[in-house]
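Novice: Sequence:
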Amino acid sequence: MKKVISTDKAPAAIGPYSQAIEVGNMVYTSGIIPVDPATGEIPEGSVAQAEQAFTNMKNLLEAAGTSVDNVIKTTVFIKEMNDFGAINEVYAKYFTEPYPSRSCVEVARLPKDVMLEIEAIATK
75 MKKVISTDKA
85 PAAIGPYSQA
95 IEVGNMVYTS
105 GIIPVDPATG
115 EIPEGSVAQA
125 EQAFTNMKNL
135 LEAAGTSVDN
145 VIKTTVFIKE
155 MNDFGAINEV
165 YAKYFTEPYP
175 SRSCVEVARL
185 PKDVMLEIEA
195 IATK
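Counting from 1, position 29 in the sequence shown corresponds to residue 103 in the numbering used here; the numbering is continuous, with no gaps.
The set of hints was computed from the structure by calculation and includes no laboratory data.
With a cut-off of at most 25 Å between alpha-carbon atoms, the simulated DSS-like pairs for lysine-lysine come out as follows:
no., residue 1, residue 2
1, K147, K77
2, K76, K132
3, K132, K153
4, K186, K83
5, K198, K132
6, K198, K77
7, K132, K167
8, K83, K147
9, K147, K76
10, K83, K132
11, K198, K76
12, K77, K132
13, K83, K167
14, K167, K198
15, K132, K147
Computed beta-carbon distance windows for the label pairs:
no., residue 1, residue 2, range
16, D143, V181, 26 to 32 Å
17, A166, G89, 29 to 35 Å
18, Y173, I88, 27 to 33 Å
19, M75, E163, 35 to 41 Å
20, G114, P172, 34 to 40 Å
We treat Cβ as the ideally placed atom computed from N, Cα and C, and that holds for glycine.
Generate the whole structure from the sequences, applying the supplied hints.
Specialist: Structure (structure tokens):
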């Protein structure tokens, strides 16, 4: 049976989807963008946006009763591959070894014209 996970400490869904779904001992997040959930503002620059997106992800995982320590897979969508190094530095602040598996792809456009979006799969 699936359970909907939601929190006001991460951006609300902007479409017909859930912030995250829990099935058994697994949590699957939707794509998380760098919107400040308190203000609706989007920070300037790829580093600030990465910090906000990863903070949102951390908050959503905690609302699900898990943490970044239990993430087993992430997918990072970035608007500009030239930002890969800077975003990687922020990523490394949130995850420790053994690091989750990861895909990172450059995309033409993201919701609200943000510079990155992340999704995660975690165990509980």
